[in-house]
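Sequences listed follow chains Z and E, in order.
One point on numbering: in numbering that gives the first Met the number 0, the residue at position 252 of the first sequence is 251, and numbering is uninterrupted.
One point on numbering: in numbering that gives the first Met the number 0, the residue at position 168 of the second sequence is 167, and numbering is uninterrupted.
Hints in this document: simulated from the structure, not taken from any laboratory.
For each residue, glycine too, the CB sits at the ideal point set by N, CA and C.
Hints are supplied without guarantee of correctness; some may be wrong.
Stated by the list, open to error - Okay, the calculated beta carbon distance ranges per label pair:
1) E/Val496 to Z/Pro205: 51 to 61 Å
2) E/Gly252 to Z/Gly136: 42 to 52 Å
3) E/Ala337 to Z/Gly253: 28 to 38 Å
4) E/Val496 to Z/Arg55: 37 to 47 Å
5) Z/Gly253 to E/Val147: 22 to 32 Å
6) E/Trp40 to Z/Gly37: 53 to 63 Å
7) Z/Ile81 to E/Ala69: 24 to 34 Å
8) E/Gly252 to Z/Leu45: 37 to 47 Å
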Amino acid sequence: MDLFAAIGMPEVPLFPDQASAHAGRVDRLFFFILAVTGGMGASVGLLLAVFAFRYRRRTAADRTPRITGFPLLEWGWTLGPILPFAVMFAWGLAVYRDNYAPPPDAYEVFVVGKQWMWKVQHPGGQREINELHLPAGRPVKVTLISEDVIHDFGTPAFRKKVDVLPGRYVTVWYEPTAPGRYRLFCNQYCGTGHADMVGAIVVQRPDEHSKWLRDHAEGSAALEGRKLFLKLQCVSCHRTDGDAKAPVLEGLYGRRVLLRDGSTTEADAAYIRDSILYPAKQVAAPWEPVMPTFQGQVSEEEVLLLVAYVRSLGRGDLPRPNNDTPPPIGAPTELPNAGGAKK
Amino acid sequence: MSTDLEVFPPLRPAPPSEPQAAPPLPGAAVAPSYLTEPHGWASWLFTTDHKRIAILYMVTVTLFFFVGGAAATVIRLNLIAPQGSLVSAELYNKLFTAHGIVMVWFFLIPVIPTVLGNFVLPMMIGAKDLAFPRLNLLSWYVFTAGAVITLTAVLFGGVDSGWTFYPPFSTRSSYTYVVPAAVGIIVTGFSTIMTGLNFVITVHTLRAPGMTWGRLPIFVWSNYATSLIMLLATPVLAAVLALIAVERLAGIGIFDPSLGGDPILFQHLFWFYSHPAVYIMILPGMGVVTELVTCFSRKTLFGYKFVAAASICIAGFGFLVWGHHMFVAGQSLLASIAFSALSYLVAIPSAIKVFNWTATMFRGSIAFEAPMLYAVGFILLFTIGGMSGLFLAALAVDQHVHDTYFIIAHFHFIMVGGMVSAYFGGLHYWWPKMTGRLYSRPWSRLAALLIFAGFFLTFLPQFVLGYLGMPRRYHHYPPEFQVLNVLSSAGASILAVGYVLPFFYLFHSLRWGKPAGPNPWQATGLEWQTASPPPKHNFEQTPVITRGPYEYATGGTDHAR
């Protein structure tokens with residue numbers, strides 16, 4: 000790009016940064032397809048040029064042969080492209096499949112998209128807006144949800160993007176390799192401020208990233224979730240003594256849960272989110288469907304804090320309910336025991 | 000407007016082998032042309048003549064082409080500066096929505112079938128008219144009514160949902176005239192269905208004696224394939240847009256998760272229509288190019304059966320690839336694998352066509368009149384556009400370039416480089432037939448070259464922008480993308496000149512152009528075996544067909560089999 004610099008123009012990148020191993024894999028496939036299609040396109044273009052020149056009309060008396068086809072050639076160019084196309088397909092799938100296999104030890108980050116910003120929560124409680132600080136050399140799994148319409152978390156330097164849907168967690172994972180500052184774009188049109196829904200992925204050396212985390216700690220996500228859990232009086236039902244009206248949450252995360260309809264499901268983030276917002280959707284087995292919905296009372300960010308709290312709960316971690324003190328301000332005005340069958 | 004069109008070097012008179020059966024030649028006492036009889040506005044507005052209805056369609060879709068083009072002009076001007084300082088973000092969003100809606104539904108989908116198809120399809124098969132002439136007229140009124148509703152909504156109120164109407168944005172977050180725009184598009188869909196029905200039945204029932212399926216011009220084959228897609232896909236569009244209206248107006252949760260709906264369901268339904276719609280747009284263009292390449296190379300079409308079958312294959316496979324619009328949208332891995340594989344499959348019949356057109360030029364006698372320039376431009380641009388689709392069909396590459404300018408470049412190469420070039424080529428080819436006049440040869444060739452050059456400069460930089468990661472539908476963008484955007488806008492200005500030029504010299508030819516005579520290109524198609532402009536019933540007597548559509552060869556060895 001020295002040419003541009005020489006004439007006083009700003010530097011013009013013609014190829015994106017590679018900030019992950021995956022980026023290199025995508026680029027190699029890209030150049031393979033470019034070589035194959037470039038070769039095919041150049042052949043067609045060259046033939047057109049040669050024919051256009053060689054067979055241009057010279058005289059009105061030009062004689063043209065009657066050639067209606069040549070079946071061998073037809074079948075050749077009908078079946079011929081199948082092999083290179085199959086290679087592109089299989090190669091594309093092989094590189095893409097890795098989206099579905101995030102390493103189990105990945106660092107986990109949660110992102111909420113809303114018109115028109117990205118709000119990021121780290122497990123240690125660090126929060127950021129329109130920036131995402133990541134350590135180089137360590138896989139990171141990002142769980143995303145939208146508060147309103149469909150957005151898309153696009154990270155060109157990682158060659159990955161994922162549509163961020165309302166009402167459903169989606170995940171994407173990266174293994175950043177090169178420290179630096181890279182663009183983050185919303186790629187799914189989301190309204191007036193679509194072009195403002197941009198930011199930066201900041202990849203740091205591990206020691207810098209640890210320092211950044213230390214400097215920005217505010218109390219872990221689980222701790223924030225615990226405050227919310229108490230504020231919403233969840234503990235009046237989710238308790239460990241004989242008065243429990245709802246499942247014990249200690250050690251629940253990641254286990255398989257038996258539901259009332261006889262099926263089972265994994266108690267993952269999506270299950271816990273659904274249980275908070277759509278409690279009637281999947282009711283755990285012996286329990287009555289008495290839980291009220293918290294839709295409208297908690298935001299997606301707060302749901303993520305509650306998920307982080309439930310996830311952190313080991314045996315004996317749940318607080319004891321204290322019915323002598325009144326519910327804190329902001330709690331539901333009625334105790335959530337709508338069915339009340341057991342009381 | 001100096002020189003009038005003269006084919007250079009002039010063609011030999013009609014080949015010695017006998018022409019199509021018994022066409023009455025002009026000069027003899029023939030019926031008056033469709034343009035002059037009957038007279039008056041009412042005779043045009045209530046005509047059932049397919050040729051006059053084609054002219055009505057031409058007037059309306061040309062108007063819409065310039066409306067959509069005006070929106071594109073403002074978009075490209077706005078993107079010259081990274082701050083996007085020409086228009087506000089709200090207006091910008093309304094402009095790209097207007098551009099998409101108008102160009103897709105009111106130009107690209109109707110243009111070749113309703114203008115060129117309406118005019119020449121009945122003549123190509125030796126018919127007096129379409130099977131249902133009054134339905135044909137009704138389709139124009141329904142089309143115009145739908146267009147008036149939608150254009151009123153997008154131009155005077157504004158719609159900012161994008162032409163794709165993705166919920167929940169379009170149902171809960173867009174404070175613009177989404178429902179009126181959708182209603183107009185649904186109405187227009189009925190006209191599409193009427194045209195498709197008319198074409199299918201016409202091809203089945205009104206072929207002249209001897210016009211077997213194996214002798215149909217490829218233009219007829221491709222319009223036939225297009226009509227099948229129109230019939231099968233358009234109802235799904237009507238359904239999905241009606242559901243959007245229901246969710247918006249009644250708050251019934253169909254797509255919005257906060258109401259219990261599923262936004263992915265919309266995308267499945269929308270692309271189940273809109274991907275086949277891509278083939279509604281491009282197939283008729285492929286038909287036009289086949290007519291042009293054979294005529295101006297003086298050659299029989301290479302591989303007629305393969306080209307015809309490829310049209311039907313494209314129409315069929317086109318229904319099976321919609322999920323490739325949703326590789327990053329959250330559909331299952333299994334679905335993505337299937338749609339990726341099928342997307343490679345649909346590329347094959349398109350490739351077959353490109354190879355056969357190229358082979359047709361082999362040992363031809365090629366004259367680079369304006370229509371042929373458009374045809375060669377089409378082959379090059381469509382090839383690039385089609386091959387860029389091979390990148391998008393690869394799952395891993397699509398994940399990187401999806402919803403970026405790579406996509407914009409890809410479909411503009413096919414829709415504009417391909418389809419609009421084909422329409423302009425066809426318009427220049429059949430203009431002498433429609434009007435009886437020849438247009439300026441140098442000006443027409445200049446316009447074709449300008450369009451080709453302007454197109455390349457506009458859309459080639461967008462591939463680079465897309466791979467760099469610049470998202471589509473951005474009112475402003477990071478500064479490092481500016482140089483490529485400026486190049487693109489510069490190209491668009493050349494393109495605009497290229498598109499406006501024909502407007503002038505074609506109008507000029509109406510009054511001052513030399514009379515064309517029945518067959519200025521020495522073409523073999525049936526439509527050329529009657530006067531220009533043709534009489535109301537096309538032929539003095541029903542032609543009898545005794546040979547295939549592209550018998551241009553004048554000598555030499557015969558490789559037929």
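Evaluated hints:
1. E/Val496 to Z/Pro205: 51 to 61 Å: holds, 57 Å
2. E/Gly252 to Z/Gly136: 42 to 52 Å: holds, 45 Å
3. E/Ala337 to Z/Gly253: 28 to 38 Å: holds, 31 Å
4. E/Val496 to Z/Arg55: 37 to 47 Å: For arginine 55 of chain Z against valine 496 of chain E, whose Cβ atoms are near 27 Å apart, the range 37 to 47 Å is violated.
5. Z/Gly253 to E/Val147: 22 to 32 Å: violated, 59 Å
6. E/Trp40 to Z/Gly37: 53 to 63 Å: Given range 53 to 63 Å: holds, Cβ gap about 55 Å.
7. Z/Ile81 to E/Ala69: 24 to 34 Å: Distance hint for isoleucine 81 of chain Z, alanine 69 of chain E is violated at roughly 44 Å.
8. E/Gly252 to Z/Leu45: 37 to 47 Å: Violated, at about 56 Å.
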